[in-house]
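A.B. asks: Sequential numbering of the sequence shown, starting at 86, is according to the numbering used here.
Watch out, some of these pointers could steer you wrong.
Each computed BS3-like pair below joins lysine-lysine, with the alpha-carbon atoms no more than 25 Å apart [unchecked claim]: (1) Lys478 - Lys156; (2) Lys544 - Lys517; (3) Lys567 - Lys156; (4) Lys581 - Lys609; (5) Lys600 - Lys567; (6) Lys400 - Lys478; (7) Lys532 - Lys479; (8) Lys220 - Lys185; (9) Lys562 - Lys479.
Pair by pair, the computed Cβ-Cβ distance ranges are [said to hold, decoys possible]: (10) Tyr449 - Phe105: 41 to 51 Å; (11) Phe97 - Asp267: 42 to 52 Å; (12) Tyr309 - Ile365: 44 to 54 Å; (13) Phe184 - Asp612: 33 to 43 Å; (14) Asn95 - Lys625: 16 to 26 Å; (15) Val614 - Gly362: 15 to 25 Å; (16) Gln198 - Leu320: 30 to 40 Å; (17) Leu512 - Lys400: 48 to 58 Å; (18) Ile546 - Phe346: 47 to 57 Å.
Calculated from the structure, these hints are not laboratory results.
Ideal placement from N, C-alpha and C gives every residue a C-beta, glycine not left out.
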Amino acid sequence: MKAMNFFEKNFFKFLFLIYFFIGFAIVGDYGISIDEEFQRYSGFYWLCYVLEFLPFDNFRLEAVNKLNDIKGLTLPNPVDFPFYGVVFDLPLALLETIFKFEDSRSYFLFRHQATFLIFFISSIYFSFLIKSRFKNKIITLFGTLLYISSPRIFGDSFYNNKDLILLSLVTISLYYFFKLIDNLNIKNLFFFSVFAALTSALRILGIFLPATCLFFLFIQKNSYKEKILNSSLLLIFFIIFLILLWPYLWSNPWGNFLNSFSIFSKYIIKIQMLFNGEYIYSNRLPMSYVPVWIFITTPFITLLLFFYGYFFSFKRFYLRVVRIRDDMPFNDFWRGKNENKDLIIFFMFNLFFFYIILSSTVLYTGWRHLYFLHSFIIYLSCIGISLLNINFKKTKIVFFSVGILILFNFYEIIRYHPFQSLYFNQLIQENKKKDFEIDYWGLAGVKFLKEIIALENSKKIINVGVASYIPLERSIKLLNEKEQKLINVVGQDYEKADYIFNNNLSEVNKLINKKYLIPNNFKKISDFVINEFIIYEIYKR
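Start from the sequences, fold in the hints, and give me the full structure.
C.D. replies: Quick look at the structure:
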């Protein structure tokens with residue numbers, strides 16, 4: 086009996102411990118994404134900048150040498166586009182220099198471990214956030230599992246150094262936002278300001294976090310003196326830490342801040358992407374782009390619970406608004422702190438979602454730039470779970486069904502491993518998957534290279550052509566030293582190639598542009614298939 090009570094009391098600790106060890110056990114299974122070299126370069130660029138103000142000349146020289154060794158960026162150089170946030174990349178560059186990681190496999194694995202660790206920490210914060218709102222162990226458990234079991238989110242948590250870090254920081258910021266609602270004091274204002282500044286320094290869209298907090302501080306039923314004091318403290322803390330954490334702002338805080346905001350709404354690279362069977366430009370996205378991508382890549386159980394929670398929240402807010410009258414006993418947009426928290430999530434989700442759609446913000450390859458919405462989607466899903474608990478008499482059967490569907494998410498994670506970023510849910514037909522971009526990260530490149538090395542089974546250099554815009558040479562950096570020496574990437578110079586890699590990704594319309602047309606003297610000898618969809622093909626001369 087005591088053992089059972091001990092297990093029940095420490096269940097969540099065991100859950101997170103298991104998750105932690107699984108994460109670090111499989112982190113080495115993942116490939117390298119297309120942007121990681123740029124992220125690393127950006128970190129060293131700004132590390133060198135910061136070290137100019139510090140008396141560590143030898144250390145700075147070592148960082149400069151590492152910076153100069155990084156070649157072949159797919160994104161613009163930070164010298165010309167310096168507004169990228171570096172709250173993750175700069176500390177990682179610093180640690181890489183301190184621990185003297187020399188071979189490429191070591192430092193990229195280190196980056197992957199750090200990315201997973203931050204998302205892991207955010208999952209703990211998310212469980213605290215849900216627990217503080219619903220005060221129900223089952224809802225907390227289901228919410229936490231939904232947070233970590235969305236296959237695309239799970240996969241990206243090992244290598245997506247931008248979007249998953251942003252999601253993690255948004256989650257932690259929301260936790261401290263809720264702490265402010267429960268107890269509005271200087272300590273909670275300080276912590277919220279720090280994480281809101283971290284979020285905004287990573288991506289300028291995070292500015293909506295403190296803006297929303299200021300709005301809700303002013304509509305609380307406090308005296309004007311308290312409102313002004315709390316808002317002033319929030320702004321002071323936020324501005325100090327935003328400037329401190331974003332070196333780009335040091336030379337011209339206000340001007341560079343405004344420049345970043347305007348550039349990110351329009352930027353940056355105009356490419357063509359495959360969406361719903363058509364090639365579209367990244368700066369001319371249809372309004373359906375984000376909703377469709379979310380709809381076909383989010384697990385069914387999450388969508389079901391989300392829509393239930395979302396429409397309930399919409400209905401409740403609407404009724405609160407239309408019933409506000411001076412003679413009503415409850416004359417407010419919410420009743421109690423829990424409704425206040427729900428309204429904040431509902432408000433911010435709609436603010437972010439419709440701002441992105443209506444502002445014609447440039448997006449690339451799916452909704453990964455909006456993965457931070459995952460926190461809001463799962464929270465609203467938890468409202469859906471709470472409604473099931475309230476509205477259905479046979480709660481055990483309902484919870485059992487929800488639990489089984491959540492377990493199915495983990496089955497999908499295992500089935501796609503380590504390519505969870507290629508996941509589509511059951512709401513899209515198999516033959517329609519080919520109408521969307523699949524391995525846009527180029528993660529399968531490492532597997533392909535290992536496969537052709539095994540096919541050759543010799544010590545001679547293998548020349549590899551690439552029928553894709555993916556920089557396959559990046560994948561070489563996750564091979565061991567012996568394997569790296571066997572590969573020579575020749576790009577589209579197919580006359581020199583022994584093999585050609587094709588993953589059906591293109592920045593041009595392949596229907597009319599023959600840039601990646603495979604010559605007739607190459608024959609397809611193998612392919613890699615997940616869930617009946619071809620991820621890549623191998624052609625041999």
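A.B. asks: Compare the structure with each hint and give your call.
C.D. replies: Now the hints, each set against the structure:
no., hint, result
1, Lys478 - Lys156, "62 Å, violated"
2, Lys544 - Lys517, "42 Å, violated"
3, Lys567 - Lys156, "21 Å, holds"
4, Lys581 - Lys609, "17 Å, holds"
5, Lys600 - Lys567, "32 Å, violated"
6, Lys400 - Lys478, "23 Å, holds"
7, Lys532 - Lys479, "48 Å, violated"
8, Lys220 - Lys185, "46 Å, violated"
9, Lys562 - Lys479, "54 Å, violated"
10, Tyr449 - Phe105: 41 to 51 Å, "31 Å, violated"
11, Phe97 - Asp267: 42 to 52 Å, "20 Å, violated"
12, Tyr309 - Ile365: 44 to 54 Å, "50 Å, holds"
13, Phe184 - Asp612: 33 to 43 Å, "39 Å, holds"
14, Asn95 - Lys625: 16 to 26 Å, "55 Å, violated"
15, Val614 - Gly362: 15 to 25 Å, "20 Å, holds"
16, Gln198 - Leu320: 30 to 40 Å, "36 Å, holds"
17, Leu512 - Lys400: 48 to 58 Å, "24 Å, violated"
18, Ile546 - Phe346: 47 to 57 Å, "48 Å, holds"
Checked against the numbered hints above, the structure breaks hints 1, 2, 5, 7, 8, 9, 10, 11, 14, 17 and satisfies the rest.
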